[in-house]
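Asker: Please build the complete structure, drawing on both the sequences and the hints.
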Amino acid sequence: MDEPVISVKNLYFSYNSVPVLENVTFDVADREFLAIIGPNGGGKSTLIKLMLGLLKPDAGQVRVFNKPPAKVSYCFGYVPQDVLVNKGFPISVFEVVLMGRLRHHRRARIGGSDREAAARALEIMGMRKYENHKIDDLSGGQRERVFIARALTIDPDILVLDEPTASVDTGGRAELYNLLKDLNRTRTIVVVSHDLMVMYSNATAVACVNRQLYYHDKGEITQDMLDLGYQCPVELIAHGQPHRVLKVHEDGS
Amino acid sequence: MIEALQFEFMRNALFAGLFASLICGVTGSFVVVNRMVFLAGGIAHAAYGGIGLALFLGIPYIIGTMGFSLAAALLMTAVTLRAAQRSDTFIGVLWATGMAIGIILTDLTPGYHADLMSYLFGSILAVPAADILWMLGMGAAALALTLYFYRDLIAISYDVEFAKLRGVPVRALYFVFMALVAVSIVFIIRVVGLILVIALLSIPPYIAEKYAGSLGMMMAVAVLLSAVFNIAGLWIAFIFDLTSGASIILVAAAGFFISLAVDPLISKRRRQ
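Listed in order, the protein sequences are those of chains A and B. Residues 22 to 274 (the numbering used here) make up the first sequence, in order. Residues 385 to 656 (the numbering used here) make up the second sequence, in order.
Simulated from the structure, these hints should not be mistaken for lab results. A portion of the hints provided could be inaccurate.
In silico lysine-lysine, DSSO-like type, Cα no more than 30 angstroms apart, as pairs [to be verified]:
no.	chain 1	residue 1	chain 2	residue 2
1	B	LYS594	A	LYS150
2	A	LYS108	A	LYS88
3	A	LYS150	B	LYS652
4	A	LYS88	A	LYS155
5	A	LYS88	A	LYS150
6	A	LYS150	A	LYS202
7	A	LYS77	A	LYS150
8	B	LYS594	B	LYS652
9	B	LYS594	A	LYS30
10	A	LYS108	A	LYS30
11	A	LYS92	A	LYS150
12	A	LYS202	A	LYS30
13	A	LYS30	A	LYS88
14	A	LYS155	B	LYS594
15	B	LYS594	A	LYS88
16	A	LYS88	A	LYS77
17	A	LYS30	A	LYS77
18	A	LYS108	B	LYS652
Given the structure is predicted, the values throughout are model-derived calculations rather than measurements.
Answerer: So, in structure tokens, the structure goes:
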């Protein structure tokens, strides 16, 4: 069997002695599209920060290509939550994308090859024509594409996105998921979302996080996950295609 | 204005104002975009403890204030990075503690200390030539550091989580730049006094941010605006025989309110 890209074993984490994650164990295979879902405050963002090596676990371990994640941070393209960036900061789209190349060659400065990489990444995301716009002047969906472009500047093996559709309208979401599907051909993708739409277009595995983690290696949610993960039954509209999001109702009603 | 420049103290004041503008525009922009205006205010006021200490021990003003404001800056930055939610309370406490220490140490020092007012409200007309050279050096240092770490500064100001992942030494940079702010404040106290420092540090970058397309542009515009405020304030103070520090700040404040009034007009025009 292939080595997993990311391997999480018996992971525990707490903020100020309040447990956030308990005994989390799962693997992410190469070219997987893992959707991490769960309620707000359930520990989704904390889990990916542990996977990225931005936080240190209380117990247990995270291995990325069999190494501690902080040692291989160049493998990660990271798209943080939109709400965490400094709104109103004067910066152009191109400068945001250039940020992706920081410390790429152990120097504080940015050079010509970095500018080329930024331009290429903008091209991939179809945002080249906006490169001189101020980032605040873009729509939520356009901004998200720019953040993905920034993550792609180092051609990462793993793309990690935290709530990429939080400020994107419904039409934009579908487009964004299609883009991610394309990117998934050449790299592993981990998406945190409480938008269940992520599942039925792309996901090859689903993990539901609510302090504990419930893993399902197909792109569908089981009723068990919903009950355990959300602590109450969740009504879902079964879109059916191409993945079922709900198990088939037994009584035909 | 030209005749005023025949006096050496006016020439010194003009240079002090210009160099202070360079320092304020560059470090002030970093302070404003990182929402650390309150922290900068805390550093400035805690510096009063250093003034009292210098008076009490009979050591040069620069050494006392520099020590105090650097210590305050590093403590406040450490708390802000560690427990951001309640750091404002801590800053407020250090702010008041520094001032109280300054006042008590002054009480304990025999003699009459009329010149203390000049630290509160500035005395740009009495800035010695040596201090002006110091200010020039500081401005150059601030500019050099900013240029070298320019991309890192953008990253930690815009998206600190991403900067961390890319291996930017976020904490170290915050400490270095807040130390730079502390040292800057010590020199700007000479010009407008510690009570008014915060206005000169925050108003020009605030106005500049709205029109600038990048951090570098914001800094450049802030330096220019600050220079205009300084020269205009100095000129008004000279003509009407007013306190120079307060005149400079009132000009800056006028600029601030005019920019607020102009804002709706500009956004209206953009939409059309």
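Asker: When you check the alpha-carbon spacing of B:LYS594 and A:LYS30, does it fall within 30 angstroms?
Answerer: Roughly 48 angstroms separates the two Cα atoms, so the pair is violated.
Asker: Please work out if A:LYS202 and A:LYS30 have their alpha carbons no farther apart than 30 angstroms.
Answerer: At roughly 28 angstroms apart (the allowed maximum being 30 angstroms), A:LYS30 and A:LYS202 satisfy the hint.
Asker: Given the hinted pair A:LYS30 and A:LYS88, is their alpha-carbon gap at most 30 angstroms?
Answerer: Distance of about 13 angstroms is within 30 angstroms: holds.
Asker: Within 30 angstroms, alpha carbon to alpha carbon, are B:LYS594 and B:LYS652?
Answerer: holds (14 angstroms)
Asker: Starting from A:LYS92, check that the Cα of A:LYS150 is at most 30 angstroms away, please.
Answerer: Status violated; Cα separation ~35 angstroms.
Asker: CA of A:LYS108 to CA of A:LYS30, is that 30 angstroms or under?
Answerer: Given pair A:LYS108, A:LYS30 is violated - Cα atoms ~37 angstroms apart, limit 30 angstroms.
Asker: Would the hint linking A:LYS88 and A:LYS150 be met if the CA-CA limit is 30 angstroms?
Answerer: Roughly 39 angstroms separates the two Cα atoms, so the pair is violated.
Asker: Given the proposed pairing of B:LYS594 with A:LYS88, does the C-alpha separation stay at or below 30 angstroms?
Answerer: With a Cα-Cα distance of about 45 angstroms, the restraint between B:LYS594 and A:LYS88 is violated, given a limit of 30 angstroms.
Asker: Compare the distance between the alpha carbons of A:LYS150 and B:LYS652 with 30 angstroms, and conclude whether the hinted pair is satisfied.
Answerer: This hinted pair holds, its Cα atoms lying about 25 angstroms apart.
Asker: Does the alpha-carbon distance linking B:LYS594 and A:LYS150 stay inside the 30 angstroms limit?
Answerer: holds (23 angstroms)
Asker: Taking only the CA atoms, is the gap from A:LYS30 to A:LYS77 under or equal to 30 angstroms?
Answerer: holds (13 angstroms)
Asker: Between the alpha carbons of A:LYS108 and A:LYS88, is the straight-line distance 30 angstroms or under?
Answerer: violated (35 angstroms)
Of the hints listed earlier, those the structure fails to meet are numbers 2, 4, 5, 7, 9, 10, 11, 15, in rising order.
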